[in-house]
Amino acid sequence: MLKEMMENVRNKTPLIHNITNYVTVNDCANILLACGGSPIMADDSGEVEEITTICGGLNINIGTLNKNTIPSMILAGKKANELSHPVILDPVGAGASALRTNTANDLLKEIKFSVIKGNISEIKTLYMGSGTTKGVDADIADKVTDENIDDAVEFIKGFSAETGAIIIVTGEIDIIANEEKAYIVRNGHSMMSNITGTGCMLSAMTAAYITANDDDMLEACLASVCLMGYAGEIAYKKMKETEAGNSTFRNYLIDAIFNMTGDELEKGAKYESK
Amino acid sequence: MLKEMMENVRNKTPLIHNITNYVTVNDCANILLACGGSPIMADDSGEVEEITTICGGLNINIGTLNKNTIPSMILAGKKANELSHPVILDPVGAGASALRTNTANDLLKEIKFSVIKGNISEIKTLYMGSGTTKGVDADIADKVTDENIDDAVEFIKGFSAETGAIIIVTGEIDIIANEEKAYIVRNGHSMMSNITGTGCMLSAMTAAYITANDDDMLEACLASVCLMGYAGEIAYKKMKETEAGNSTFRNYLIDAIFNMTGDELEKGAKYESK
Amino acid sequence: MLKEMMENVRNKTPLIHNITNYVTVNDCANILLACGGSPIMADDSGEVEEITTICGGLNINIGTLNKNTIPSMILAGKKANELSHPVILDPVGAGASALRTNTANDLLKEIKFSVIKGNISEIKTLYMGSGTTKGVDADIADKVTDENIDDAVEFIKGFSAETGAIIIVTGEIDIIANEEKAYIVRNGHSMMSNITGTGCMLSAMTAAYITANDDDMLEACLASVCLMGYAGEIAYKKMKETEAGNSTFRNYLIDAIFNMTGDELEKGAKYESK
Chain U
4 MLKEMMENVR NKTPLIHNIT NYVTVNDCAN ILLACGGSPI MADDSGEVEE ITTICGGLNI
64 NIGTLNKNTI PSMILAGKKA NELSHPVILD PVGAGASALR TNTANDLLKE IKFSVIKGNI
124 SEIKTLYMGS GTTKGVDADI ADKVTDENID DAVEFIKGFS AETGAIIIVT GEIDIIANEE
184 KAYIVRNGHS MMSNITGTGC MLSAMTAAYI TANDDDMLEA CLASVCLMGY AGEIAYKKMK
244 ETEAGNSTFR NYLIDAIFNM TGDELEKGAK YESK
Chain F
4 MLKEMMENVR NKTPLIHNIT NYVTVNDCAN ILLACGGSPI MADDSGEVEE ITTICGGLNI
64 NIGTLNKNTI PSMILAGKKA NELSHPVILD PVGAGASALR TNTANDLLKE IKFSVIKGNI
124 SEIKTLYMGS GTTKGVDADI ADKVTDENID DAVEFIKGFS AETGAIIIVT GEIDIIANEE
184 KAYIVRNGHS MMSNITGTGC MLSAMTAAYI TANDDDMLEA CLASVCLMGY AGEIAYKKMK
244 ETEAGNSTFR NYLIDAIFNM TGDELEKGAK YESK
Chain Z
4 MLKEMMENVR NKTPLIHNIT NYVTVNDCAN ILLACGGSPI MADDSGEVEE ITTICGGLNI
64 NIGTLNKNTI PSMILAGKKA NELSHPVILD PVGAGASALR TNTANDLLKE IKFSVIKGNI
124 SEIKTLYMGS GTTKGVDADI ADKVTDENID DAVEFIKGFS AETGAIIIVT GEIDIIANEE
184 KAYIVRNGHS MMSNITGTGC MLSAMTAAYI TANDDDMLEA CLASVCLMGY AGEIAYKKMK
244 ETEAGNSTFR NYLIDAIFNM TGDELEKGAK YESK
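Residue numbers (our numbering), protein chains in the order written: chain U, 4 to 277; chain F, 4 to 277; chain Z, 4 to 277.
Incorrect hints may appear among the rest.
Pairs count within a copy or across copies, as identical chains cannot be separated in the list.
Restricting the straight-line Cα-Cα distance to at most 25 Å, the calculated cross-link-like pairs of lysine-lysine (DSS-like) are [said to hold, decoys possible]:
1) K70 with K82
2) K70 with K160
3) K243 with K270
4) K81 with K70
5) K146 with K273
6) K70 with K115
7) K15 with K146
8) K81 with K146
9) K6 with K270
10) K241 with K6
Treat the hints as calculated values from the structure; they're not laboratory data.
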């Protein structure tokens, strides 16, 4: 199944419109190319609707958001909705400033997202910010562990029910869930937190996966999350062999996405459904 | 001849003012350093004229253009014209949105460019957008091939005659032409399209080449295009040897520019005049 | 002593707010992670005060400054002062345009910096721009050498006395000084000037060092400068061994920061006090 998802990306070369931060934008472009997609970056309100129109999917990432790009996110997201293009939100730093939290909440109000991807802290901020009283919140710690995973899955399914989006929560254990079904992914390596951009790259790549697999987005997300994590494992191994460090690890990570075959992904993916 | 062009860049260390996109800006800076030039990036309208004044050449790239940077491009371009500095235009995505097409056309109206570099689609957009009726247009496909190359060369010479600029059309086969003379370059590797920024990097490097060789810009463009393509071939070979992927390929490409000697370039360059 | 500084960074994981240029921002983020710090990039005036508040230190870099980010620098700097967070200024290109020179001077007026880091030309611009008459100025050439080093140290101590900041002047020989004491560092390699961003990366890393060692900032700066320079030496050696070029050198440089042990730094650091 994962193999088929990957082949669809490589065969269809989905064109992804990215409104993303300037810190990791180059990595997002290169990982899109590595996985078989094609990137366009455009964030001026004067062109984002047209650019989204010629693309297959949209990736909105609020890292380094500003007064000029926030309206562009809204415009592009609405246009993508109008055209039924898949849209993913990466609410980078939601909770760290009112501007980020409010922007993320505004985006949730104005745009129907196919996927929302964040760490547990960002996702909690958004779910709580929605005004619903959720008794379960207090039980979800700042980290998903084997001990709290069932609560975490319920929590995430709840947020999916509220937003209609597939939710991806990344961390040592990743969770991917819609209202009814969840996947737990145990790929990845702690080294991935020693470079900037693994989260942003995952969002960009996931945009390509859901665009090329729009009839099965939950499994497309699963494939993308497993691919990213497994590539991290391969990159870490190569980093140790070559006595490299975090900067070279970044290259190896993208290289591993580029070189991954469907069979390798099927073999290396570690996931279960909940 | 190519060797001499290269040595001029390395000996003169041309300082290049870049108003360019935030996706590939770091690669543009590093390739300028790799080839022997020196980069400055500045895009606020409050300083671009001064920055251009202290530089030798100007590189305008409209990828991720926005309301703030468009006026800066105009200001810097006019100042460079006033000072007789070489100016290159990379109309990234012209045709993909009205903002990009109109901006590129405005730039062509306001600024005299030494070189315009794009893919065949971007160049067609600009030539057609100029209002001239060109019966030949319809005959130029979206790709330059051995079959349509003579038509393509005529087309490009026509655009050069209209703009007074040297035109570089990149693709599997590259064409460099002024009104009278054209070069066909067959260097490069398809792997170059698996990373972001090869086009942007070529524009930045070409700015250095025409600035250091301003009495022979057509040949300077030829040298830059051959250098980029041949570096891509070298980088691909190294990528295969080291079982790397697209991210490492990017490093190898810039490394190859850095390490290239004039004799190697003369030997590796594959071009003919038309 | 250097070892202890390094361990403090790694143990405390200082969170650094960066308002920096889009050319080298990714390298700044990755070097912060390499050295044991943690980066946040945010430059919209609507959030910079909040972001600075949750961080431990602030890094202001005026490369690619613009009308939107200049007020953000002022706001963030004032907030950091209010909270007694260490703040570093990298006046990239001061002297190259009035906008940069004036902005740097405005920042010096509005914000109390813990550290100001630049090349000799930038530092001279700022010191002279302050209006004080300094007879010594004319004696400081554009490069610090063994011949003019005593004059340079006096000059830098003078600027420190005026600003209350530790001054770092980078070049072939680096000088770090407060009003009373100076260190001369002879680490580094000329290859470092063949990539973009070594200066920006040093500022970002130094922000982490002074934040994690705020009771001994002069020595924290010394450790950071030695670490950067020594990493450059290691990276150069590896570059030659692998027949790589400047792009790969950048990766090796950040890798070397990532892999450096305290003992290696103590052994490799070449400094003296003046």
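*Which of the numbered hints above does this structure break?*
Numbers 2 and 8, in rising order.
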